[in-house]
Amino acid sequence: MDTFSSIDELTFPTALRQEVVSDPTSDHALLEATRLGDNDAFAELVSRYRNQITSYIYRMTNDYDGAVDLAQETFVRVFRAADRYQQSHAFSTYIYRIATNLAISELRKRKRRRIVSLTGLFQSNEGAEPREFNPPDERPLQDCEMVESERRIAVQRAISTLPEKYRAPLILRDVEGRSYEEISRILQTSEGTVKSRISRARGFLREKMKAYL
Amino acid sequence: MDRMNCRIVCLQIDEADLNWTPSAGLRAHLQGCDNCRAFLDERTRLRQMVADLGYVEAPADFDRRLRARLAFEERGTNRGFSFAGLSFGVPTVAVAALMVVIGGVFVIRSLKVEPIPPTAISSVSPEIVKPPAGPNIVSDQLATTAAVAPEPAKPQSIATKPRERFAVNQKGRNAIKEFSSSPAEVVKQNESVAELSSAFAVDSSQQSLKLSFADGSGVYRTISVPRVSFGSQRSFGEQSTFIKASSNGIW
Numbered sequence: 001m002d003t004f005s006s007i008d009e010l011t012f013p014t015a016l017r018q019e020v021v022s023d024p025t026s027d028h029a030l031l032e033a034t035r036l037g038d039n040d041a042f043a044e045l046v047s048r049y050r051n052q053i054t055s056y057i058y059r060m061t062n063d064y065d066g067a068v069d070l071a072q073e074t075f076v077r078v079f080r081a082a083d084r085y086q087q088s089h090a091f092s093t094y095i096y097r098i099a100t101n102l103a104i105s106e107l108r109k110r111k112r113r114r115i116v117s118l119t120g121l122f123q124s125n126e127g128a129e130p131r132e133f134n135p136p137d138e139r140p141l142q143d144c145e146m147v148e149s150e151r152r153i154a155v156q157r158a159i160s161t162l163p164e165k166y167r168a169p170l171i172l173r174d175v176e177g178r179s180y181e182e183i184s185r186i187l188q189t190s191e192g193t194v195k196s197r198i199s200r201a202r203g204f205l206r207e208k209m210k211a212y213l
Numbered sequence: 001m002d003r004m005n006c007r008i009v010c011l012q013i014d015e016a017d018l019n020w021t022p023s024a025g026l027r028a029h030l031q032g033c034d035n036c037r038a039f040l041d042e043r044t045r046l047r048q049m050v051a052d053l054g055y056v057e058a059p060a061d062f063d064r065r066l067r068a069r070l071a072f073e074e075r076g077t078n079r080g081f082s083f084a085g086l087s088f089g090v091p092t093v094a095v096a097a098l099m100v101v102i103g104g105v106f107v108i109r110s111l112k113v114e115p116i117p118p119t120a121i122s123s124v125s126p127e128i129v130k131p132p133a134g135p136n137i138v139s140d141q142l143a144t145t146a147a148v149a150p151e152p153a154k155p156q157s158i159a160t161k162p163r164e165r166f167a168v169n170q171k172g173r174n175a176i177k178e179f180s181s182s183p184a185e186v187v188k189q190n191e192s193v194a195e196l197s198s199a200f201a202v203d204s205s206q207q208s209l210k211l212s213f214a215d216g217s218g219v220y221r222t223i224s225v226p227r228v229s230f231g232s233q234r235s236f237g238e239q240s241t242f243i244k245a246s247s248n249g250i251w
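Chains as they are written, first to last, in our numbering: chain E, 1 to 213; chain B, 1 to 251.
If we strip away everything but chain E, and leave its shape as in the complex, we get (with noise of 0.2 Å):
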């Protein structure tokens, strides 16, 4: 992999771009309008939102389906809640603070479920040490786009072994590209909790991510 050779070639990747909002209208005059009984302007903030929503949930419990219909419940709460709204925050702040508690919530009754481990199903003969079940050779296909579809899936698993309290921190800076202050708000703590937590996040990651870096 090459290296720098002057500080001034040093970048970082562009983190997800969100949508540009061509319609004057803010969020909050949205949200008011909506509790005004406005069904369009709710549409608005649905068409606004739904993608970033959705793709944050799927990152967080990395399931496509289940991280639709808790995209919609996030909706469904703004919609029912947007008597009680108040601007203190910015908008984007109040929904992706639903949407993360729907998604750890989630997380946490996959853990009650007892999701039965596959270690031990192949061991062999008694007394020798269980063996993990190892998904097949996951070194990367030579496809370029395999390659990436591939690797992709890889950060994806990785992300998806991460702690919560690492999980959502880390997505929502390395992937949605927030700052650390609107994501303490989003997650009511401090900046420095923050930092310290996506810290430790990255560097689970590259434990994991070892074969790819």
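Source of the hints: derived by calculation from the structure; they are not laboratory data. Cβ coordinates follow ideal geometry from the N, Cα and C atoms, glycine included. Each hint can be trusted.
Lysine to aspartate or glutamate pairs mimicking EDC-like chemistry, simulated, CA-CA at most 20 Å apart:
#1 K195(E) to E42(B)
#2 K210(E) to D14(B)
#3 K208(E) to E150(E)
#4 K210(E) to E42(B)
#5 K208(E) to E42(B)
#6 K195(E) to E181(E)
#7 K208(E) to D52(B)
#8 K165(E) to E15(B)
#9 K208(E) to D14(B)
#10 K109(E) to E164(E)
#11 K195(E) to E15(B)
#12 K165(E) to D14(B)
#13 K208(E) to D41(B)
#14 K109(E) to D63(E)
#15 K195(E) to E164(E)
#16 K165(E) to E181(E)
#17 K165(E) to D63(E)
#18 K111(E) to D69(E)
#19 K210(E) to E150(E)
#20 K165(E) to E182(E)
#21 K210(E) to D52(B)
#22 K109(E) to E73(E)
#23 K210(E) to D41(B)
#24 K195(E) to D14(B)
Rough simulated footprint, nothing fancy, chain B against chain E, three-plus residues with beta-carbon under 8 Å:
#25 38-48
#26 62-73
#27 149-157
#28 193-207
Knowing the structure of chain E, use the given hints to seat chain B on it.
Just chain B now, with coordinates in the frame of chain E:
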């Protein structure tokens, strides 16, 4: 290279924002520190891989499904009944129905009339009736044929059980209370009314006394006479009118 500087540099690299502009000191450090530069490279690649995940799009029917879900939930919360332009939710209707049921139970219970126990026609010996107070009773010592101004026929003080008396009153008519299961022996007087003697003997063992009179047209009228105690006799003087005059004359 100073460890503290390397630690701070790595920290700054890790926390860098999107539009991060490194300071001159940091740039100088990186130029001279391979470890920090390696760390920078690794972090950059890792963040690049994560950022390349991109975002997944919501399905095309997302809006439609969301609208359907909102409409379904709204229908569910508003499910209820409407009447006279007013809408009532399910909880309101449930409470109203419960109150109607409770009220109906109370109404039914209050309308339920306690069954009147049947008239006691006892086959056992009836209660000993206390003789009514008053001069009507003629004791043995005074058993004479002397005229004793009888008291006008008072309503018989029947020493019945309160329930029986109540039953009588409830019926709204003067019912004859039988205190024996066997019909009373009818003592007939064949003499005409005018020839009735003022007194005639009656067996005191009779449980009750009924007098039956013929009014001459073949219709018998029967009256009951209060039971007398053993040994006593009821005597009627000549002046006593045994036959009660009614508005129709003799009855």
